[in-house]
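Undergrad: Take the two lone chains and join them into the complex the hints point to.
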Amino acid sequence: MNALADLPPWASVMTSLLVLVGSGLALVGSIGLVRFKTFYERVHAPTLGSTLGLFCILAASMLYFSMAQTRAVVHEILIGIFVTTTTPVTFLLLVQASVYRDRFEGSDPLAGLGEDRAVVKTLVPSSGIANGSTAPPGC
Amino acid sequence: MNAWLPFPVISAMLLGTWLLLNESWSAANVLFGSAVAVLGAWVLVRLDAPALILRRLWLALELGRRVAVDMARSNARVARLVLKDKRARTPGFVRIGLSVRSHYSLAVLACIITATPGTSWVAYEPVTNVLVIHVLDLVDDDDWGVIVLVRYEGILKEIFG
Numbered sequence: 001m002n003a004l005a006d007l008p009p010w011a012s013v014m015t016s017l018l019v020l021v022g023s024g025l026a027l028v029g030s031i032g033l034v035r036f037k038t039f040y041e042r043v044h045a046p047t048l049g050s051t052l053g054l055f056c057i058l059a060a061s062m063l064y065f066s067m068a069q070t071r072a073v074v075h076e077i078l079i080g081i082f083v084t085t086t087t088p089v090t091f092l093l094l095v096q097a098s099v100y101r102d103r104f105e106g107s108d109p110l111a112g113l114g115e116d117r118a119v120v121k122t123l124v125p126s127s128g129i130a131n132g133s134t135a136p137p138g139c
Numbered sequence: 001m002n003a004w005l006p007f008p009v010i011s012a013m014l015l016g017t018w019l020l021l022n023e024s025w026s027a028a029n030v031l032f033g034s035a036v037a038v039l040g041a042w043v044l045v046r047l048d049a050p051a052l053i054l055r056r057l058w059l060a061l062e063l064g065r066r067v068a069v070d071m072a073r074s075n076a077r078v079a080r081l082v083l084k085d086k087r088a089r090t091p092g093f094v095r096i097g098l099s100v101r102s103h104y105s106l107a108v109l110a111c112i113i114t115a116t117p118g119t120s121w122v123a124y125e126p127v128t129n130v131l132v133i134h135v136l137d138l139v140d141d142d143d144w145g146v147i148v149l150v151r152y153e154g155i156l157k158e159i160f161g
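Those protein sequence lines, which keep their order, are chains H and W.
In terms of the numbering used here, the first sequence opens at residue 1 and continues consecutively.
In terms of the numbering used here, the second sequence opens at residue 1 and continues consecutively.
Bound-form chain W, shown alone (with noise of 0.2 Å):
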């Protein structure tokens, strides 16, 4: 964190993306990337996005894993529920407190819900820090609200403070 480098992740995030679009470790492409790189850690100065900060990154595989396998689940899920008789499913609209805060954990939380077929991002009111998920089948009286933060609400909160 300093004037040069204001968001150092970020910024290798930036390089990394140009580097895989190139695909090629050459010197031109290193120099072009870190100049892409470091002007768009500018850019989000300019935005004033929050300061990003990772903490215990190994996580970021066991989250990994864990939206992997609820994505393969849910998108079989989903796809008998398509070919299956219409009636024999119950929609529904669920509200869930959350207490994570930061932004970054709150984007990452959209995209988790939104790369589950099944589940989909509705509303969010940042004052009461309450979440509504529409749930295209609520098998069973599943805690869906119980499943979204055991989940998913500790790990990021670790990840992202």
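With the rest of the complex left out, here is chain H (with noise of 0.2 Å):
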């Protein structure tokens, strides 16, 4: 079972390495999920593991197994490449609905942009209560 002692020194410890720091960062991610306090901050914490720390897996699989079965494995890009391509979409959808839900609400969180406008700081809540527009019903 312990195919990974059968791999020479150098690729055993890329692999652990690439293993580590990709789920670290998926880890560091989901901490974000929960620390950050409204909607539009939340999405940006779990791109963390479908971005690098998914690449590190990724890199990590086609290390262990095109070692293990000495030749080359690298189907994991099309993982990549399909991951990549489907995640806007997904944010998208997401977004767009809590745009629109805000909207509904009155509180348009674009509401100062305009062209005389490029940029608008929305404002970090510093106490623990979130923002009740943007929180998921039930929680």
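Hints are computed from structural coordinates only; laboratory data are not their basis.
Among these hints, one or two may not hold up.
Stated by the list, open to error - Derived list of chain W stretches under chain H, where covered just means 3 residues or more per stretch with a C-beta under 8 Å from a C-beta of chain H:
| hint | segment |
| --- | --- |
| 1 | 18 to 28 |
| 2 | 90 to 100 |
| 3 | 131 to 138 |
Every residue gets a Cβ at the ideal spot worked out from N, C-alpha and C, and that includes glycine.
TA: And the structure:
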């Protein structure tokens, strides 16, 4: 079962490092999901796991299976391409739904933007009270 | 661009995907893959997809390099923000007037903005060609519009026309 021990030392060290960094990034993303207070900030946190975290895990998988099977295993690249091209669709739908609901409730988050104003800063709630309009129902 | 192969580039990509999935170059796989590639392109015709013309394909390598650098950098930045004191950031929305209009450029731009943590695509108005993104931390009043335009818009325009 311990096939990692059969690999040359540099390959097992590299594989372990990549898996650790990848899962570490996913963990930090999940912590961010809990710590950030508004919906629009929370959207950013899980992308840690779906970008660099994902690529680290995929690189580890490619390295491990290529060394273990003594032939290049590269179809993990496809996972990277599919995830990278499909996450924007999900995120766009989520953010659009949130903007729609905020507008419906009379607090348009994009209200200040216009020809003359390119940046609108939103304040970070300093207390633990989350913005009621952006918290999911039942939370 | 002809009746049999309306999207040659996309057909080639589909065939490549098929061969990569099967990890084999056997005649049967090439044959099946070609069938998938041709049929897939016809589906796009039925969907009224705009023609895909790639110019200066070698620039895609430079684009990939920039995305990789930005992705690593913004991953580190967001990870630091998550673990740091939560009041030390200024999130906000940024409005960017684009000049690219090609569907493929916009699709790639959406992937890039999503693939760099700390920025997310919020809205796009096709009439005014204005893009709104959300930025997790507007550091030092960086001009995000200029960053996106300078780093990505020009190169996308050169690749997709």
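Undergrad: Taking a Cβ-to-Cβ distance below 8 Å as contact, does the segment 90 to 100 of chain W have at least three residues touching chain H?
TA: With 7 residues closer than 8 Å to chain H, the segment 90 to 100 of chain W meets the three-residue bar; holds.
Undergrad: Please verify the coverage claim for the segment 18 to 28 of chain W: does it have three or more residues whose C-beta sits within 8 Å of some C-beta in chain H?
TA: It holds, with 3 qualifying residues against the three required.
Undergrad: With a cut-off of 8 Å between beta carbons, are at least three residues of the segment 131 to 138 of chain W near chain H?
TA: holds (count 4)
Every hint from the earlier list agrees with this structure, and none is contradicted.
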